[in-house]
Amino acid sequence: YFKRAETAANFGREIGLQYVHAHIRFIESMAKLGKADETWDNLLKVIPIKIQTKVPNASARQ
Numbered sequence: 091y092f093k094r095a096e097t098a099a100n101f102g103r104e105i106g107l108q109y110v111h112a113h114i115r116f117i118e119s120m121a122k123l124g125k126a127d128e129t130w131d132n133l134l135k136v137i138p139i140k141i142q143t144k145v146p147n148a149s150a151r152q
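With the sequence shown counted from 1, adding 90 to any position gets you this note's numbering.
A hint or two may mislead.
25 Å max Cα-Cα, derived PhoX-like pairs, lysine-lysine [what the hints assert, rightly or not]:
1) 125 to 144
2) 135 to 122
3) 140 to 125
The calculated label-pair distances, taken between Cβ atoms and stated as ranges, are [stated by the list, open to error]:
4) 144 to 118: 24 to 30 Å
5) 140 to 111: 18 to 24 Å
6) 146 to 124: 14 to 20 Å
7) 115 to 138: 15 to 21 Å
8) 145 to 118: 25 to 31 Å
9) 139 to 111: 27 to 33 Å
10) 114 to 140: 25 to 31 Å
11) 138 to 118: 27 to 33 Å
12) 116 to 146: 28 to 34 Å
13) 122 to 147: 16 to 22 Å
14) 111 to 131: 14 to 20 Å
Hints were generated in silico from the structure; no laboratory data involved. Each residue gets a CB set at the ideal place from its N, CA and C atoms; glycine is no exception.
With the hints as constraints, model all of the structure from the sequences given.
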C-alpha cells in the first residue's frame, strides 16, 4: 500500500516530498567519487535528527 509523503507516518520511507532511497544512491555516488564534504552534507539532509539545521523549512515530523 503506497502512502504519499504528506500522509506517511514513517520517515524511514520518505522525508517530506524527497524520496530518500534515491538520495541515498546519490550520496553513495558522491562517496565513491571521493567528494567527502558533499557526501556528508547530503547525508545530513536525510538523517531526521536535527534535520532543521540542514533543511530549514523541514517540520519535525513530515
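So, going through the hints one by one against the coordinates:
Restraint check for residue 125 and residue 144: the C-alpha separation of about 18 Å stays at or below 25 Å, so the hint holds. Simply put, residue 135 and residue 122 have alpha-carbon atoms about 18 Å apart, close enough for the 25 Å limit, and the pair holds. At most 25 Å may separate the alpha-carbon atoms for a hinted pair to count; residue 140 and residue 125 meet this at roughly 23 Å. The hint said 24 to 30 Å for the Cβ distance between residue 144 and residue 118, and at roughly 18 Å that hint is violated.
Checking the proposed 18 to 24 Å range against residue 140 and residue 111 shows it holds: the Cβ atoms sit about 21 Å from each other. Between residue 146 and residue 124, the C-beta spacing of about 28 Å breaks the proposed range 14 to 20 Å. A beta carbon spacing of about 19 Å between residue 115 and residue 138 agrees with the range 15 to 21 Å that was offered as a hint. The hinted range of 25 to 31 Å is not satisfied by residue 145 and residue 118, whose Cβ atoms lie roughly 20 Å apart.
Under the hint 27 to 33 Å, the C-beta atoms of residue 139 and residue 111, about 19 Å apart, miss the expected range. Hint check: residue 114 to residue 140, Cβ distance near 18 Å, so the stated range 25 to 31 Å is violated. Hint check: residue 138 to residue 118, Cβ distance near 19 Å, so the stated range 27 to 33 Å is violated. With their beta carbons about 20 Å apart, residue 116 and residue 146 fall outside the hinted range of 28 to 34 Å.
Range check, residue 122 to residue 147: about 30 Å between beta-carbon atoms, so the 16 to 22 Å window is missed. Residue 111 and residue 131 have their C-beta atoms about 19 Å apart, which keeps the hinted 14 to 20 Å range intact.
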